[in-house]
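Asks: Could you slot chains Z and F onto chain W? The hints should help.
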Amino acid sequence: MKRVLSSTSTAAPARRFNWRSEWMLAAVTLVLAALLPTVVSGYPIYVLPEYMIYGMLAMSLGMLWGFTGILSFGQAAFFTLGAYAMGLAMKWGIGPNPGYVALLASILIGGVLAALVGYFLFSAGVRDIYFVLVTLALSIMVEQITISQSQVTGGFNGMFVQRMELTFGPFGKISLTHDVAVYYAVLPVVAFVYWLLRRIVASSFGKVLIGIRENEDRAISLGFSTSFYKTAAFAISGAVACFAGALYGSHAQFVSPSLASVQFSTEIVIWVAIGGRQSLLAALLGGIAVASLSNYLNTITPLYWQLVLGLVFIAAIVGFKGGVAGVVQRLAAKRSEEDI
Amino acid sequence: MSEFLEVRGLTKRFRGLIANDRIDFSLASGALRCVIGPNGAGKTTFISMISGHLEPSAGTIRFKGRDITGLSLVRRARIGISRKFQTPTVFDNLTVMENLELAALGKPGAATARQSRIEEVIEITRLSNLARRPAFTLSHGQRQWLEVGLLLANRAELLLLDEPTAGMTSEETHATAELLHNLSDRFKLTVIIIEHDINFIRDLRSPVTVLHLGRILMEGTFDEVSRDEQVRNVYLGTA
Amino acid sequence: MYTPVMHTIASVVIDGTLITFVFALAALGLAVIFGLIGVINMAHGAMLTLGAYFTWAAVTHGIPFPVAVVLAACGVALIGLALEHFAIRFFYDRPFETLLLTWGFFLVITEIIKIVFGTDTRTVTTPFPGAMHILGLELPAYETAVAGISVVVLCVVAFVFYRTSLGIKIRALTQNRDVASLLGLNIQATYKLVFVTGAFLAGLAGALIAPMLSIDPTIGNIYLVRSFFVVIVGGIGQILGGTIVGSFLIGGSETVFAQMSSQVIAQTIVFALAIVVLRFRPSGVMKAK
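Chains as they are written, first to last, in this note's numbering: chain W, -3 to 336; chain Z, 227 to 465; chain F, -8 to 280.
These are computed hints drawn from the structure, not numbers from a lab.
Every residue, glycine too, gets a C-beta built ideally from N, C-alpha and C.
Incorrect hints may appear among the rest.
In silico DMTMM-like links for lysine to aspartate or glutamate, alpha-carbon gap of 20 Å or less [unchecked claim]:
| id | chain 1 | residue 1 | chain 2 | residue 2 |
| --- | --- | --- | --- | --- |
| 1 | W | Lys203 | Z | Glu232 |
| 2 | Z | Lys333 | W | Asp213 |
| 3 | W | Lys317 | F | Glu129 |
| 4 | W | Lys317 | F | Asp84 |
| 5 | W | Lys203 | Z | Glu324 |
| 6 | W | Lys203 | Z | Glu450 |
| 7 | Z | Lys414 | Z | Asp250 |
Stretch by stretch, here's where chain W covers chain Z in the computed footprint (C-beta under 8 Å, at least three residues) [said to hold, decoys possible]:
| id | segment |
| --- | --- |
| 8 | 313 to 322 |
| 9 | 328 to 339 |
Chain W with its partners taken away, still in its complex shape (with noise of 0.2 Å):
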């Protein structure tokens, strides 16, 4: 049975969040992210593209580590997955825009897999911390995979991925080749998987989740089938994580075997522990902040940078469970008496 927790200042406002003032934010981020192209030029509006996506591969993990409580390593599997799916899509022509064809077999596969195999495990009860050694287990099955399988996936090299288009049917389309039209195409799709995320995890649905993530014997006990639950939060996370996938294989043009090496899964599970996994806007911005620095500090200083970032991942596990969200909060809430 779940431990009680000790009531150290950790324990609680970690959990306490201002539901409203996280739309808020949300809202003020999106308004600022949407006015950025035309204030700032060049390398980052090149760049953040990425990073968003990336965030939105934090998000899927948030949304299950976070309020579920099931922690994953296999994000970056289904990330892989949706990848390769954008990539041989390109590469075949399915269809009249391969690209949506991605992106919608995306989710499906990244779906139904993870629904699958979660329904293999949960039903049968297996502990939590043995699904991270089995999600962990599967990141590496899928780089073995994407390695063997060479005829189709270009093996361990990789292999090059047409950007796709988009297309309106008789109304034309629009081809994404500047920053720009990236930018505007890629911002509105991370802003809706948000606000998707955000409204199941405050459905009574998502209130479930939570139960399970405090106490699953007391949510068993009152006739919640928690199986049925985590197989779904998981099925939602790998269907987002796959898509994501998708998107990114667009973008960054080029896919190889690397996207599901255990680095690649660490790093998603260290974006969203230093970012916050208690909100998802939280694990979102830390997955674009994490990453994005990650990339900037690995030019200059590659070795000690990711040394810091275990460092400073450790920190988070031990005394910041709340992550960089959590110290923010508690600084806010010394401020205001609000809470309680």
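Replies: The following block gives chains Z and F in isolation, referenced to the frame of chain W:
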């Protein structure tokens, strides 16, 4: 006319140890029953088999006329059999209100019905002024009451309470007995309570079943049981 | 003397057997910690890698191989002690936190390895190159030696657990913490000992495996997942029998499947099968009712 809860020949064997031995037990709807017995008598095992946490080695359990012996834990919770664990098992990081809301979601129904139920429960468990507090900030006794509240919000019909007054002060214990009487009247509940606290059992004024070495030793009122020679011997040294 | 078919079968059996013992050695460290303390040491793979690097460093400085192996194992054991003392021991009652914490250590150790040793691959020359010819069959000399050492290590561990008073105390601890402490057992010290032993075994495995492959900072990763599956398939808590059975099944399957397709595919299939086993295995892996 079948009883609300009917247990026949319920047996649980663990590797050579017989924890429950062919127990026959029945309860009418709306009844309150205390189950007592020295440590190791098999009380928790008995409750666990009714709640679905343990599979019986033999015997049948009928609930509202239906054989539920093979029914899973989740399904039993859904048909109204709810259990309160020995250590308070609530959603610690959620507020009292959120705890109750989640419990209420466990049964189908309109949001308004759920809301009114929650309001009734929070009032009767005297947690109204603590509604927005996270559960882990409550005192031990309050957390026990919250857990009972969860079962009520969950529209449980058969409550299985495992030592609900463990760790409580004597005032809290008195209050709990009163609470259970109120609940029983208000919500038409059937309750089985495992207890050790003599004062609490006396306050409850309910029939008592005494378990010993996995079998029912005797059943009767509190006075009958407390005067019985055999029961006294079994409890020798335990007051 | 033997037909080609028999040769193939013989070589499969030999490879399978040798791999079984190599995997068993590699998994033993994880099995000990997992089985006795209930902690999944996610840094297990990194400790293995570290053992390999320490061995390389020692050998490069002219230290004879056997001594280098022992030094490497001790070095990893010391690091394990430090990690346990300064961090891990505070989280024993929270399995999820320990998992993430040890994962964090995996990250940090891997990065420190990259910083100190660089990312180019290193090699340690095989102390016994070539093959031995016994009964007309070819046995790779070094691998056979490692398998032999593995058997010895397993026997030593078995002896300590089942025949010495220390072993009995440790097993008592895992059965029932409260009773064990009443018997005057120092729980903190025992946990430390178990963790350090697990680290030592991981380092030892890494050191002995070093000559068998090209060493880079990620060689331990695959052994983490493999060892985890060995323990699951073999049975958590069945430290000796389970490790051997698990290694046999995992290692044997990999060898057999590798005959039919590539090593990579074989591994994938074996992992998939192991996941299936994990799902159906009733003991240890399932939520307690």
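Asks: Count residues of the segment 328 to 339 of chain Z with a Cβ under 8 Å from any Cβ of chain W, then say if the count reaches three.
Replies: Our answer is that it holds, as 5 residues pass the Cβ test (under 8 Å) against chain W, meeting three.
Asks: Check the hint pairing W/Lys203 with Z/Glu324 against an upper bound of 20 Å on the C-alpha distance.
Replies: It holds: about 9 Å lies between the C-alpha atoms, which stays within 20 Å.
Asks: Is Z/Lys333 close enough to W/Asp213, meaning Cα to Cα at most 20 Å?
Replies: 17 Å, holds
Asks: Do at least three Cβ atoms from the segment 313 to 322 of chain Z come closer than 8 Å to Cβ atoms of chain W?
Replies: Since 8 is at least three, the answer is holds.
Asks: Take the C-alpha atoms of W/Lys203 and Z/Glu232, compute the straight-line distance between them, and say whether it is at most 20 Å.
Replies: 35 Å, violated
Asks: Below or equal to 20 Å on CA atoms is what counts here, so check W/Lys317 against F/Glu129.
Replies: Between W/Lys317 and F/Glu129 the Cα gap is close to 56 Å, so the pair fails against 20 Å, i.e. violated.
Asks: Measure nothing beyond the straight line between the CA atoms of W/Lys317 and F/Asp84; if it is 20 Å or shorter, mark the hint as holding.
Replies: Cα-Cα ~17 Å, so holds.
Asks: Within 20 Å, alpha carbon to alpha carbon, are W/Lys203 and Z/Glu450?
Replies: Measuring from Cα to Cα gives roughly 48 Å; hence the hint is violated.
Asks: Quick one, are Z/Lys414 and Z/Asp250 close enough, alpha carbons at most 20 Å?
Replies: Roughly 24 Å between the alpha carbons, so the hint for Z/Lys414 and Z/Asp250 is violated.
The structure fails hints 1, 3, 6, 7 (numbered hints given earlier, in ascending order).
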